[in-house]
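K.L.:
Chain Y is already provided as a structure; the job is to place chain W on it using the hints.
Chains Y and W are the protein sequences, given in the same order. Residue numbers for the first sequence follow the working numbering, so the first one is 1 and each next one is one higher. Residue numbers for the second sequence follow the working numbering, so the first one is 1 and each next one is one higher.
It should be emphasised that the hints constitute simulated quantities derived from the structure, not laboratory data. The structure displayed is predicted, hence computed values, not measured ones. Hints may contain errors.
Copies of the same chain look alike in the list, so a pair counts if it works inside one copy or between any two.
Under the rule of at most 35 Å between Cα atoms (straight-line distance), these lysine-lysine pairs were calculated in the DSBU-like manner [what the hints assert, rightly or not]:
#, residue 1, residue 2
1, Lys-343, Lys-35
2, Lys-347, Lys-364
3, Lys-338, Lys-102
4, Lys-313, Lys-192
For reference, the chains in residue letters:
Number of protein chains: 2
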Amino acid sequence: MPVSPDELNQLRQQIDGIDSQLVELLARRAEITAKVGQYKSQVGLPIYVPERETELIAKRRAEAEQQNVSPVLVEDLLRRIMRESYHTQNVDYLCTNPQIKKIVVIGGAGALGSIFVDMFKRSGYSVELLEQNDWPNADGILNDAGLVLVAVPIKLTESIISRLKNLPVDCVLVDITSTKQKPLAAMMAAHKGPVLGLHPMFGPDVSSMVKQVVVVCHGRHAQQYEWLLQQIRIWGAILQQTTAKEHDDAMVFIQVMRHFCSFVFGSHLASENPNLKQLISLSSPIYRLELAMVGRLFAQDPALYADIIFDNKDSVALLSEFSVKFNQALALVESNNKDEFIKQFFKIGSWFGDYSKQCLVDSKKLLLKANDDRSLSGDC
Amino acid sequence: MPVSPDELNQLRQQIDGIDSQLVELLARRAEITAKVGQYKSQVGLPIYVPERETELIAKRRAEAEQQNVSPVLVEDLLRRIMRESYHTQNVDYLCTNPQIKKIVVIGGAGALGSIFVDMFKRSGYSVELLEQNDWPNADGILNDAGLVLVAVPIKLTESIISRLKNLPVDCVLVDITSTKQKPLAAMMAAHKGPVLGLHPMFGPDVSSMVKQVVVVCHGRHAQQYEWLLQQIRIWGAILQQTTAKEHDDAMVFIQVMRHFCSFVFGSHLASENPNLKQLISLSSPIYRLELAMVGRLFAQDPALYADIIFDNKDSVALLSEFSVKFNQALALVESNNKDEFIKQFFKIGSWFGDYSKQCLVDSKKLLLKANDDRSLSGDC
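This is chain Y alone, in the form it adopts within the complex (with noise of 0.2 Å):
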C-alpha cells in the first residue's frame, strides 16, 4: 500500500514519539540502575559482572528474535545502554582494606596517579600525595602509610624508588610504570616488604576502569596486597598477570613498534605534504580510522611517547629487524613480483590464524560504529 505525502509528515511525527518514549525509559532505567550502584557499592560487589550482562542479553536478543527485530542491534543498544550506567552507576567503592591508615601516592597529582588517587578517595581511603617539593618533609608523609603507589614519569621511577628505603616493613610498594623488569627490581632492592609491578594499559583520558586491563607482576609477599587487586577488581577493571620479562616483550611489539610507527608515518605525511583535507574527504570510513589512528598521536604528550620508545632496551634490535622487513617488502614491489609478495601474504596470514578473520569481523562492526555518526572527522 502506497504512502502519500501526508502520510510521510504523520509517519515522522510517528517515530518522534516513538523516540520520546525511549527517552523516558532510559530515565526510569537509569533510576533504577542508581539503586542497583548504591547496593553494591555497600556490599563491595564489582560494577561490571560479566554474568549478569550476558544473561540479561540473551533474554532480549530472543525477545528480538520473537517480535522480528534484529537480535545485533538490541544487543548494541543494551550495551551501550549498559556502559553509560557503568560510568555513572558508583560514586563511592566498597573499601577492601579499612584498616590501611595511609595510602601514599607519590606523583598523584600526575594525569594518571590522579586518577589513582581519586579511586582511592572515593572507595573510603584517606590519601596523601608527594610531589617533587615535598620531598623534605617525605618521612613524615610516608610514616604509617599502609600503601605506596609510584605514579611518576618512567625515565624518574628507579630514582625515586631509592629513595624509600626506610618504609615501613608491612608497607605495600607498589608502582604502576608502563616497563616491568626495573622497576620491580629495584622496589625489591629498597624495600624488604610486600612489592608489587602494575601497568594500567589506558590513558589518563579514560573515564571509568570498568573493563580496561591492568596487567600485574607479582613481587614479594601477595598475600599482604590481595586487598588491592580486589580492589581494583571492583572498580571494573580486568587484571592480567604476567612476569615482569614476558610483560617487557610483549610491550616492544604492543607499544613501541606501534608508536614509532605511526610516527615515522606521520613524519613522512608531514614532510610529503599531501592536502589533508582532501585525504579524508577521499577516505571511507576504514581509511579514515587508518589516518586517526596515525593523528591521535600527535595530539598527545610527546614525552611520555619518546620514554616509551627510547627507555625499553629492546626497541632498537626489533625496530632495526623491521626496517630489514621493510626494505624486503619494498624489493619485491621494486622488481614487481607479486607472487612472492602473495606468498608471503598467505604465510602471515597463516600465523595470524583464525584472529585475523576476528579482526576483520570485529573491524567491521567497529567501522559500522563509526559509522553511525561520521566520526573519525569525515566531515572535516
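P.N.:
Only chain W this time, still in chain Y's reference frame:
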C-alpha cells in the same frame, strides 16, 4: 536509602521489564520506518537525509537533558537505530533513468561488481553481465547498452576497455577501478561518447552504500550521466569530485602506504613470533585496535592488495622515502636523542593541526563503543 539483597532482585526485574519495553518500541519503530522507506522509494528521496537526522537527534537530545539523561547516550542510541533502518528500509529504489534500455556490467559476477548489479536491479534497470566467457557474444550484449560499467581487476581494466571501441555513441562508459588516470585515459581513447571514472571507497563487504564515499572523476559529456550520479546519491552514497591525478596522488597515501605498512608489520610479527594470545590479553582497547588493523589485512584477498600496491606508479618512490624517514627516526633512538624526537613530534603535530585533536576525540568515542562488547578479540 540503603537497598537490601531482596530488593536487588526486584530492581533487576524492573530493569528487565524496561528492556523488554525497549524491544517492543524497536519493533513498532521498524514498522513505521518500513512505510517511510516505501514512500522514499516511490518518490526517489535518498534514504539518508542528513537534515532530518540532525533535527531528530537535536529534539531528543533536548528532551534527554530535561530528564537528566545523557544526551550523548541518546544520540548514540538513535544513530545506531537509524543505521538499522537505513540498512533494512529500502528494498527498492527510484529509477532516475527509466528510458535507458540496458545496463551492462563487465565483471558483474565479481565481488564489487555484483553490488552494483544488485543496486541497479533494485532500482528497476535491466542489467546484463559480461564475463570472461561472454566475449565471443560481446557485440550482441553491448549492442543496445545505455551504460557500460567496467568492474574488473585493476590489471585487466585497460585491456578490457580497449575492447570497447564499438559502443553506441550515446552509451555511458564508466569504470570503478581504484586507480583513475590510466583507466580514464583508456576510456576516453576507446569511446567517443560520455565517459566517467568512479572509485567506490569501500570493499565488497559493505551491507549498504549509505554514507560510503564514491570518488567521481569526470571524463566527457557530464550532463549525459548526471542521472547515474543522482542514482548513486539515492542509494545513500556521498559523492566526492576530484581530478584523476589528484585522486591517484591521494591514493598512494590513503591506500598504498597503509596497506604496505600493515603488510610489513604483519611480516615482522610473524618472523619475530611473539605469543599472539598474550599480546592480545595484555592489550588495552586502543592497542587491540592497532593490532586488529594489521590482522584484518591478512583475512582479505592478497591479489587485491598486491594490485593496489604494485600497480601505482608512485609506490616505489613513496615507500623508499618512507624507509628513509624510518631510518632517520631509528637513528634518533640509537643515539638516544629524545630532544630531537620531541621537537619533530611537535612539528608533525602542527602539520596535522586541529585534525589530530579531532582524531583523538573521535578515536576515544570509537574505543568506548569497541569496549562496550570487548570486541576486537579481547576475549580470545
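K.L.:
Indicate, hint by hint, whether the structure satisfies it.
P.N.:
Hint check results:
| no. | hint | verdict |
| --- | --- | --- |
| 1 | Lys-343 <-> Lys-35 | neither (58 Å within a copy, 51 Å between copies) |
| 2 | Lys-347 <-> Lys-364 | both (23 Å within a copy, 33 Å between copies) |
| 3 | Lys-338 <-> Lys-102 | neither (64 Å within a copy, 37 Å between copies) |
| 4 | Lys-313 <-> Lys-192 | within (27 Å within a copy, 64 Å between copies) |
Violated hints for the displayed structure, listed by number in ascending order: 1, 3.
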